[in-house]
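Protein chains in written order, with this note's numbering: chain S, 1 to 109; chain L, 110 to 868; chain Y, 869 to 1326.
Source of the hints: derived by calculation from the structure; they are not laboratory data. Where a beta carbon is used, it is the ideal one built from N, C-alpha and C, also for glycine. A hint or two may mislead.
Residues from chain S that face chain L, not an exhaustive set, calculated with beta carbons under 7 angstroms [unchecked claim]:
#1 Tyr-12
#2 Val-94
#3 Ala-96
#4 Leu-100
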Amino acid sequence: MTSIIGNLLHSYNNKTPSQYKLLDSFLLVLCLSAVLEFVYALCIDNTPYNAFLGSFISKVGQFILTVNLRIQSNPSNAHHFTQISPERSFADFVFASLLLHFCAISFLG
Amino acid sequence: MAGSAANNTNNTLKSLLKLFTLLAIAGAAISSRLFSVIRHESIIHEFDPWFNFRATKVLVNHGFKHFWNWYDNTSWYPLGRATGGTLYPGLMLTSGLIHNILHSINIPLDIRNICVLLAPAFSALTAYTTYLFTKEVKDARAGLLAAIFIAIVPGYISRSVAGSYDNEAIAIFLLMFTFYLWVKSLRLGSAFWGAITAMSYYYMVSAWGGYAFIINMIPLHAFVLVLMGRYSPRLYISYCSFYTIGTLASMQVPFVGFNPVGTADHMAALGVFGLLQLIAFSTLIRQHLPSKQQFDTLLRSVLVLGFVVGVAAMALASHKGVIAPWTGRFYSLWDTGYAKVHIPIVASVSEHQPTSWPSFFFDLQMLIYLFPAGVFFCFHRLSDSIKGEASVFVIIYAVFGSYFASVMVRLMLTLTPIVCVAAAVALSTLLDNYIQDPDVEGEHQVENKETDHNTQHNVSHNTSQKAFTPKNKKTKKDTSISSTREKVIEKMQEKAGIRAPDARLVVLINVVLMLIFFVFHSTWVTSNAYSSPSVVLASKTPQGETLYIDDFREAYNWLNQTTSEDAVVGSWWDYGYQLAGMAGRTTLVDNNTWNNTHIATVGKIMASPEEVSYDILRKHDVTHLLVVFGGLLGYSGDDINKFLWMVRISEGVWPDEIHERDYFTPRGEFRMDEGAAPAMKNSVLYKMVYHRFAELFGSRPAVDRVRQIQLPKKGPQLESLEEAFTSENWLVRIYQVKQPDFLGRSFKDAIAFEKAARI
Amino acid sequence: MNNLLSVLGLILFVNISALAATVNDNIVKSTKLFHSTAHSTTTYHVSGVDDGTYDILISPNEFDQLSHLSVSLKESGEQLPYTWLNGDSYVQPYNFKRLAVQLPPNTPQLTLVLSISLNNPSTPLPSQLTQDDLAYSLSFKTYTHVVTPYHTNEMRVKVRAPTSKIHRYGMTHDDSKTTKNGGSMVYGPWMDVAPYSIPTDHIEILYEAAGPRLKYEVSERSAQVSHWGNVVSFRDDIVVRNNGPSLKGQFTRLTHQAQTFLNVLPTNIATMLSVRLPALSEEVFFVDQIGNVTTSHYKQGDGHSSHSLLQLKPRYPLMGGWKYSFSIGWENSLRFAAKLARDGTTRLSIPFSSTPEDVAVDRHTTRIILPEGAQVHSVYVPFEVDVQYETTTSYLDTIGRNTVVLSKHNTSDAHNGDVTIVYSLSLFNALRKPLAVAAVAFALFSAATLLRRINTRI
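With the rest of the complex left out, here is chain S (with noise of 0.2 angstroms):
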């Protein structure tokens, strides 16, 4: 088992690009932040519910968005997305996030 995320740790440092490191980053923080507070919210206080609820789904819809811009541009994707360039996937990224803040702090109140 250990052999096997050696492995993977090993595949991942030399295959990735740094772009994509510098992504995947990104996606750890908001994946470990997301979980802190899903911690934080079930052991100690979910008090104010929405702003909770706000600022969760936020980061993950943002995991989930990062991820989609990661997915889209990658060229070994591509022949998935024949009508998508990556600049195309970087402007959707930026819609989506803006509204899903939008929503985010709309809901916030």
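With chain S's structure known, arrange chains L and Y on it following the hints.
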């Protein structure tokens, strides 16, 4: 290049033809919904629309802020209702927005007309959306057919005639639009379209409680695709961007609140979301792992762990009550007998009854037997790498839609769009085969030397002709037949088998006839069954003149004009919205039915003897009581026929005081005549309904025309209530609750004293 | 008391009118009573006029009920101008209002006719009635004399009731000079009446009503002129109330149906209301807050008759004290209402109101909405009204439409006459709407074309 130029013009011609066809369809959709306006007037129909209309007026007259925080203390007296937070505001905001836009460009259209015409206008949009959706499933030809079907199919018209200003009026458009956007975003794998889908979903959430259908259908579709091994990054992107933005947005609607993260109906979506994360993550890892065996080990351990943790969390959450259990209405979807036993108030609504077989044919006509064929063709199309996913969606929708529609009459509405889509797929596949033949096409082209058109042009030329065919079918049937025949004769000369000219002719004539009958049937159903406002009843005199029975408005208007503004009117809940909308008076209960106890209280008032009821009436400050009585006219939807529901609902709350058994005779009959049970005869409702009715007949025996019974010569005596108004045909009767006697006598004594004094 | 007042009047007469040699040779006042209104004509035969004016006194009661007033010459029918004098320079006994009529010059001897219309001149008795009571009465009170600032040789007061069922008609003290013939009563003649003499004696007539006593609490008309449509569209918003004795107890449909069947409906019920519309009215509607009232009849008048008849049946019978609010509307061709003058102006005639006979209106407002961009030159109304101007914005307007708002307290069918407005409309203003719509459509079209040409693809 000449070829490409010709191709270009042909494309323009094609899109122009399509545009005109769609415009004609929109025209047909709108005009077929105007029967009621032309026959009657521009008026809001039924019951719920009156509330929506009243809420819209609040929005338009007092502004958005007031509407959002609207606390209506004229309904559910004395509790009141926090209306702003307990309604789906999408409908009102839509018409309010249209109203404001029109007024800002100085078109002072009356808000009532906007509300009345909203449903037809949106039905045109629905037709267009169905076209788009079907285009995603098959092609533009099927799309146009589907648009025609949805435009005039009675199953949809039943909820969208002019004046039927209900949530469904815009919800079906939003349903189809969201599904179309979903299928499109899935095909493209675009986060942009996913986000747009989420916005459309948000609009749907704000407009109709049926949004739960979407939030279960789309995850189900995604799940089935995963099971079929058709997971792709496109699925991940479109689903996850839709789900996160959609969930966050949907919680902005006050009435929905935290439901999307708290109730069981939304958990499937969350589960699929989690599943997709796992799959995406594992795909990523697979890229980085050299051997398949290593990956499998990892995957297995992660999946097992994830499943255990997930189930444990769900169980814990359900147990602790974090996730609300399924609601009663939901259970009644699975067990048709559930509502009757546990929630009589749901069962008492006629549109919550299971659907009868004839009504499928009545509402969908030929589409109902084209529907399975369409689903079959969708199975055929599964292998299509681009449009196969949409076919999967159609199949799932068809299966679940059929089930729900057969359980509840009103859910016929959600089935109708997919029936149209599937039927269009079936019919257009049939026409594809019989009008155009790829083999013959080739031969024909070789023979035909007079033009230098390339193949692409010829194909597109034919497609344009076909795109034209459906429209032809609708408008100029004869020319369609003749042109088809010419084409057939010209192109197919010596062919045998199923594609022989005669075979084609037979099939095509059949199809055309079917379409013609469909149009006739739809128009007939629309005009006869779905175009009555139900506020005004129209009947024909023997001389053929139209006679309007306008008793409801007569009585409501009387209340509005002659009673004091703070009058509290008690009535069975069916009339609550109309009372508030037309009479503008405070009501005890209305069609919102959120408080079962309050409704049971009204049931108790109606079912109890006067002495019991009077105290309840005084306690609730009721000044007037309204009952509907169809006995003189033969109107069967009156309060006597609803009486058993009143009894049942109040028995549910006061099992010690009200017993359904008491209202039947010892032999188990539910009678109104001489032999009625004592509890029946003493009930306030019975007394109010038949008060002085027998006197109307003079010396002849009094007959209740709904129940076809003879009534006793001596009618019931009212003591604590006095008749205040009875409409022209005795359809609506209003009673005033007397003030307590100023000498402290009982009403019986006071009446006896006055009688003696008069003599 | 009577004598004392006469003496007082005499003193006033000596003080104020000592120099005036004007004498009333004969005064006849005839009042025609209806249920909600009354029309009264007073004929003054005057001689010895020297300063060109003649003063008329209106009693405070009549002044309160007054809806319409005009003074004319009997011989020629010519309307005479008049002004209200406030009581500063004169001590007006009993709050009488004084009217100064401008007489034509050099007419020492003439016959003046004062026509007045009154709203709600009589009060119903009793004040409450049950549904079973078939009849009610109205009580009318007035002075036995016509009070004038001049010496009068002979005067008579005549009153005519709508029915001949008169329960009481005498004067309070002295009945010697009263004659009654059917529904008509004559009081007098009174000879040599001193100026300002106010008798304490009253005429009180109690007559049985033949129909309901109706009034319009609100009556608002809007008339929108459209040159493109070539029509004037009218809409009247009305609140009508049965102002008779109020209903005692409750309404019983059974009784009402029996009474209708036997044709013995109480006089205090209003089941039908007839409104006269101009002939050839089209697009007639009758609605209330909750939609069409399906129980109306419309009798279209042809080109020969002067009017069409719209019979309105309220949703429910109007019992005493009940009200009903509704709106009616119709369209008339502009051909009949407007005339194009040679100087390019348009002369528009719009009826001020269409009040049915015997209906008292508390306040009537007429809004005349002119075409967009029209300039008002003059407004002529044949009676006193408040005139205001405002701007209405309607379908696809860019600058709004000039609107003339005429309103008057207390009106009746005496005010159904035409209002005349002269206005001008330039060609540019007439074309303003199509131009605006075309401009916007063109802008949209170009925007769409532009958007199509720009490639938004990334």
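Note to self: Holds or violated: the hint that Val-94 (chain S) contacts chain L, with Cβ atoms closer than 7 angstroms.
What the structure shows: Violated: closest Cβ of chain L sits about 10 angstroms from Val-94 (chain S), beyond 7 angstroms.
Next on the checklist: Holds or violated: the hint that Ala-96 (chain S) contacts chain L, with Cβ atoms closer than 7 angstroms.
Outcome noted: holds, 4 angstroms
Against chain L, run the beta carbon of Tyr-12 (chain S) and see if the smallest gap drops under 7 angstroms. Status holds, d = 5 angstroms.
Answer holds if the nearest beta-carbon of chain L is closer than 7 angstroms to that of Leu-100 (chain S); otherwise answer violated.
holds, 5 angstroms
Of the numbered hints stated above, the single one contradicted by the structure is hint 2.
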